[in-house]
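K.L.:
These are the residues of each chain, in order.
There are 4 protein chains.
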Amino acid sequence: MAEGKRVRVAVIGVGRIGQRHARALATEIPAADLVAIADVDPDAARAVAAELRVDRWTADAGSLIADPGVDAVVIASSTDSHAGLIAAAAAAGKDIFCEKPIALDLDATDAALDAVAAAGVRLQIGFQRRFDAGYVRAKHMIDAGTLGRIESIREAMRDPGPPSQAYAATSGGLYRDMTIHNFDSVRWLMGDEVEEVYAIANAVDPMFAALDDVDTSIVTVRFAGGGIASIDNSRRSSFGYDVRTEIFGSTGAVFVGYSRDTPVLHLAADGVHSDHVSWFLDRFAAAYTEELRAFVGCIVAGEPTSVSGTDARAAMALAYAADRSRREGRPVRIAEFDRGTGDS
Amino acid sequence: MAEGKRVRVAVIGVGRIGQRHARALATEIPAADLVAIADVDPDAARAVAAELRVDRWTADAGSLIADPGVDAVVIASSTDSHAGLIAAAAAAGKDIFCEKPIALDLDATDAALDAVAAAGVRLQIGFQRRFDAGYVRAKHMIDAGTLGRIESIREAMRDPGPPSQAYAATSGGLYRDMTIHNFDSVRWLMGDEVEEVYAIANAVDPMFAALDDVDTSIVTVRFAGGGIASIDNSRRSSFGYDVRTEIFGSTGAVFVGYSRDTPVLHLAADGVHSDHVSWFLDRFAAAYTEELRAFVGCIVAGEPTSVSGTDARAAMALAYAADRSRREGRPVRIAEFDRGTGDS
Amino acid sequence: MAEGKRVRVAVIGVGRIGQRHARALATEIPAADLVAIADVDPDAARAVAAELRVDRWTADAGSLIADPGVDAVVIASSTDSHAGLIAAAAAAGKDIFCEKPIALDLDATDAALDAVAAAGVRLQIGFQRRFDAGYVRAKHMIDAGTLGRIESIREAMRDPGPPSQAYAATSGGLYRDMTIHNFDSVRWLMGDEVEEVYAIANAVDPMFAALDDVDTSIVTVRFAGGGIASIDNSRRSSFGYDVRTEIFGSTGAVFVGYSRDTPVLHLAADGVHSDHVSWFLDRFAAAYTEELRAFVGCIVAGEPTSVSGTDARAAMALAYAADRSRREGRPVRIAEFDRGTGDS
Amino acid sequence: MAEGKRVRVAVIGVGRIGQRHARALATEIPAADLVAIADVDPDAARAVAAELRVDRWTADAGSLIADPGVDAVVIASSTDSHAGLIAAAAAAGKDIFCEKPIALDLDATDAALDAVAAAGVRLQIGFQRRFDAGYVRAKHMIDAGTLGRIESIREAMRDPGPPSQAYAATSGGLYRDMTIHNFDSVRWLMGDEVEEVYAIANAVDPMFAALDDVDTSIVTVRFAGGGIASIDNSRRSSFGYDVRTEIFGSTGAVFVGYSRDTPVLHLAADGVHSDHVSWFLDRFAAAYTEELRAFVGCIVAGEPTSVSGTDARAAMALAYAADRSRREGRPVRIAEFDRGTGDS
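If you read the protein sequences in the order shown, they are chains C, G, D and B.
Per this note's numbering, the very first residue in the first sequence carries number 1; after that it's consecutive.
Per this note's numbering, the very first residue in the second sequence carries number 1; after that it's consecutive.
Per this note's numbering, the very first residue in the third sequence carries number 1; after that it's consecutive.
Per this note's numbering, the very first residue in the fourth sequence carries number 1; after that it's consecutive.
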């Protein structure tokens with residue numbers, strides 16, 4: 001882009017995370033110009049536009065995609081709309097930031113990626129953890145060789161309690177909705193591709209059993225280069241939002257942790273008490289801004305994004321493989337989900 | 001104010017902290033409208049105005065104070081200008097947010113407070129710690145009786161290294177520049193007035209000795225109701241920005257602490273390593289926004305501010321008393337600095 | 001035993017852990033009387049006896065087992081001698097404390113257990129973790145229902161560096177030597193039996209590959225009642241001795257952790273530094289005494305021990321299953337190692 | 001002493017701390033031989049002797065002091081007996097370990113020290129903190145220059161709740177009973193002598209006011225070389241036993257802290273909970289053994305002890321000065337309590 005020009009961004013979908021993105025673009029990222037808001041609910045679009053002093057709002061995302069006054073779109077609408085919007089935006093030559101997942105099936109994912117490739121536009125997927133200060137620090141230490149060869153990784157990710165039944169029913173299940181973040185994370189941190197996964201899981205809450213889904217899971221991951229990883233997930237931590245990663249190398253380890261929400265300790269006769277971060281929007285508040293700042297920055301600099309559609313496809317294939325593993329009770333090779341295997 | 005109206009704010013002085021305030025008003029506080037920027041350096045004013053898309057900038061603060069399109073001013077210019085700007089803004093009927101201190105002498109402080117009282121405008125002093133989530137939590141626990149009767153308080157506040165000689169020379173010295181935050185904090189947390197202080201101090205760095213100032217100090221504080229407190233300060237922590245408070249009550253204690261900047265632990269053969277927050281603008285980033293949000297919120301709601309000019313005067317009197325104590329080697333009663341004692 | 005009588009104990013094998021046990025019996029457990037020391041190296045036996053002021057020492061463990069002046073034996077000799085000594089001691093009517101494992105093969109383990117059952121003597125296996133204050137607290141919380149239903153468990157256990165090749169060659173491999181502690185721990189904490197395990201592992205250090213062993217492993221465990229667990233192991237932490245357990249229940253979680261060896265934080269310009277416990281004898285120093293105190297206490301009280309030969313057999317079967325899983329690349333059911341399956 | 005000889009020790013006084021010492025000498029310090037127990041209550045002496053298999057016990061401490069079969073005495077009887085027993089033991093040529101304080105008045109302290117000097121025996125005072133692993137580490141860092149020049153020290157020491165009225169009445173008051181540990185600690189860590197102290201204090205609990213004592217105190221300390229320190233004390237923490245020290249140097253700081261009793265975190269919907277060490281005998285369990293090990297080791301090695309009577313006298317003078325300061329409301333110079341000032 002020309003020096004000093006701002007990237008004109010439209011946000012499509014202003015639910016919980018879309019609102020967050022719109023606010024960040026409007027107030028925290030000087031290089032971005034939030035020019036329009038779309039939502040299938042026009043009242044929602046209007047309300048967010050008013051709060052953020054954005055002149056244009058609409059229920060018709062297509063009109064924004066077609067608008068030459070829009071340089072890039074941020075897609076935060078419902079999952080089933082992602083692939084279609086990606087294809088349309090790519091065809092219109094817009095750079096695209098899209099919340100994960102691209103789609104709940106691999107064929108649709110591949111089709112959307114093909115559209116992006118054909119158009120030569122940018123596509124960044126919302127793996128916000130890659131922009132969290134703690135994870136960024138860990139990744140730098142890995143890349144700098146501080147930890148030596150990475151031998152194993154442990155990831156934990158737990159929500160404080162189950163989502164609504166409506167959300168769960170359309171989420172694609174634990175692996176495509178939650179573990180997908182861990183799948184991206186372990187690939188990124190290990191710097192290697194996964195060969196095989198194995199999953200054991202449980203539906204403690206009958207709601208998940210009724211949906212043929214699970215709420216508690218452990219996935220083990222074997223990388224091509226010999227590294228191994230485990231991923232613990234739960235929809236039911238009861239104590240808060242729990243995201244921790246431990247990376248073990250030949251010359252040291254790094255733990256990316258988080259637990260205390262406020263730097264306060266209460267000491268009383270019954271012990272020492274502190275609080276715990278309760279929600280992913282709190283834990284990753286800065287990361288959600290940083291990922292958009294990076295996206296806009298890539299456009300300004302004329303560079304590719306650091307999180308690609310290929311990354312999204314790879315994480316989704318791992319989710320498929322984990323789900324197959326837990327259903328069939330066997331380790332599953334990722335090659336079963338390669339393009340053209342007929343399996344995706 | 002009328003429902004839905006935004007408070008039109010001008011920022012006077014866009015050095016380090018003034019820029020921070022301007023940005024918060026422009027992007028993080030929906031109820032505020034940043035309408036103008038003033039700075040004695042017009043280039044600085046213009047640059048900040050451009051970045052934040054503010055139309056109006058000037059080197060003449062007086063013109064903004066006189067402007068009927070300005071509802072409130074945020075004063076972040078050099079300390080020696082504070083009292084005069086407060087008086088002028090008060091006379092013009094503007095609500096005022098002013099960085100501490102009001103002035104380096106008590107007579108000027110009292111004169112400014114008289115002007116505010118005569119005009120009936122709001123005056124909030126920038127004791128940002130009162131808006132920090134940790135301190136707010138602690139204060140709530142105290143007010144709720146969770147800790148019982150507060151018996152003692154320990155405060156620590158350390159800068160990573162000395163300021164420039166130029167800053168030090170006009171800062172008013174350790175007690176009026178740094179400890180003043182602790183003086184406000186212990187008064188607020190104890191919910192009581194101080195009767196007497198005693199200070200011992202040292203100038204480890206000869207620069208401070210040359211300025212008749214100190215860089216290392218312990219002040220003890222005795223409250224009217226029997227509570228006691230200690231305040232440790234240093235300009236020379238070497239390891240980072242160190243702000244911690246411990247509050248001991250009859251049924252428990254609360255520690256407001258802070259040390260780690262990133263939630264990362266590095267474990268290696270030579271031990272376990274983490275980082276430390278290095279700067280007050282990082283430690284209190286959210287608090288600086290929250291204090292302005294509260295200020296603007298009070299104007300919108302038609303309520304008085306929670307940190308008053310009286311609070312600023314009280315903290316300044318404590319700073320005076322501590323300085324006298326360290327010079328004269330004796331405990332000093334605050335009554336020595338009451339209005340009309342001829343001592344202020 | 002008669003009131004006030006002391007349990008007369010002989011220690012067989014005074015290598016690293018045997019010396020530790022002898023010292024605890026001699027000095028920390030008032031109800032025990034350390035009456036004799038045996039070691040295949042008579043100089044070692046004599047030296048330990050002299051230090052602890054024990055009159056009797058020998059290279060002939062059998063003579064102590066036959067001695068009517070010995071009530072109980074603590075077996076801490078080399079693993080290959082355990083099963084034979086257990087059988088002999090049982091035949092002589094002695095109560096037995098034996099370091100894990102009973103034997104490196106299940107048939108020998110079963111034979112030793114049969115001898116114990118036939119003689120009706122006590123047998124306690126050295127799973128010292130069950131007597132660690134942290135694990136005891138966690139188990140109490142589980143038993144008290146504080147955590148609700150236990151849904152999953154995460155265990156980590158890492159040595160700071162590989163053992164000697166000589167040790168590794170006769171250790172039975174990672175699963176029978178190290179993970180066996182975790183297998184016992186997850187059974188005990190979950191309060192349930194394991195149905196199936198799955199293991200992925202690696203030999204980063206070629207020494208282990210040459211021994212057909214591994215040094216880095218993740219085992220996942222599925223319990224009969226639906227609970228799941230993961231166990232991370234490494235011989236190569238590089239940073240210290242790392243033993244942590246996280247137990248997740250329906251109403252809360254408990255973490256049994258440990259990292260700092262000394263309660264000291266060093267804060268410097270390059271960050272915050274602390275140390276890490278480096279060795280299992282330090283981490284579990286108190287637990288090694290407590291397990292013997294409990295053993296002696298059971299004899300005095302005429303009660304069974306809380307860690308039985310059955311527990312040792314179950315943990316060993318899990319080790320077998322994990323080893324088979326990592327070799328065959330499939331989940332392995334524990335039933336494959338039941339008595340009489342021909343598989344053990 | 002001759003190589004291989006054990007130091008024959010008698011313990012005088014087997015209350016809480018004397019029992020602890022006797023047990024350590026009997027079981028944890030190979031170079032010591034616990035040969036006799038004395039207590040004014042013969043039943044107490046007999047019971048401890050029986051438990052520890054010591055043949056000799058008596059109500060007559062003098063007979064043990066006179067016994068040529070005793071090399072050293074550990075004095076843990078009531079404070080009012082210390083000075084007389086020290087003088088008697090010194091006259092009999094015994095090395096002496098004595099609990100603090102030597103006496104509650106400085107004249108008696110000086111007389112006892114004179115007797116020790118005249119006899120040329122060893123005298124070690126029970127400042128156990130000097131043998132705690134955390135404090136030892138900190139002292140090593142200071143001596144190694146890791147922290148640069150020590151500029152200030154913060155000490156906190158709190159008991160969980162008040163002692164009995166009987167104990168409080170004969171304890172000598174907060175400064176001679178509790179703060180004396182901090183006075184010794186800051187002298188030792190700063191490696192300098194104190195010039196002046198200032199104390200503010202309160203008796204929140206009326207029991208202390210009735211005894212002309214206080215339960216909450218802050219003492220500030222000014223060293224000859226310019227260093228400064230603060231000492232916070234309370235008899236009323238309510239949450240546990242709180243002993244922490246922070247040492248700030250020109251190139252870094254070290255915190256010796258302690259809070260968690262068991263390495264367990266409980267995470268639940270109402271927050272994160274851990275426990276707190278509750279009692280000094282738990283916090284300093286190892287240090288109580290190490291101080292005796294060091295004492296015995298000095299005798300065996302023919303070296304002077306590392307904590308001398310002079311140290312005890314210096315700490316007691318600080319206690320006197322702090323008490324005078326809080327009564328007279330002024331900073332008090334330690335020179336007021338030099339020998340021959342008529343003030344002691």
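Heads up, some of the hints might be wrong.
Put simply, identical chains are the same to the list, so a pair is met inside one copy or across any two.
Said to hold, decoys possible - Derived SDA-like pairs (lysine to any residue); straight-line CA-CA distance at most 25 angstroms:
1. Lys139 to Asp275
2. Lys139 to Ala269
3. Lys139 to Asp338
4. Lys139 to His273
5. Lys5 to Ala269
6. Lys100 to Val40
Worth flagging that the hints you see were computed from the coordinates, not collected in a lab.
K.L.:
Each of the hints needs a verdict: does it hold here or not?
P.N.:
Hints, verified against the model:
1. Lys139 to Asp275: between (28 angstroms within a copy, 16 angstroms between copies)
2. Lys139 to Ala269: between (41 angstroms within a copy, 20 angstroms between copies)
3. Lys139 to Asp338: neither (27 angstroms within a copy, 45 angstroms between copies)
4. Lys139 to His273: So Lys139 and His273 pass the 25 angstroms test across copies only (16 angstroms; inside, 32 angstroms).
5. Lys5 to Ala269: neither (60 angstroms within a copy, 40 angstroms between copies)
6. Lys100 to Val40: Answer is within: at 19 angstroms inside a copy they meet the 25 angstroms cutoff, but 49 angstroms across does not.
The structure is inconsistent with the numbered hints 3, 5, although it conforms to all the rest.
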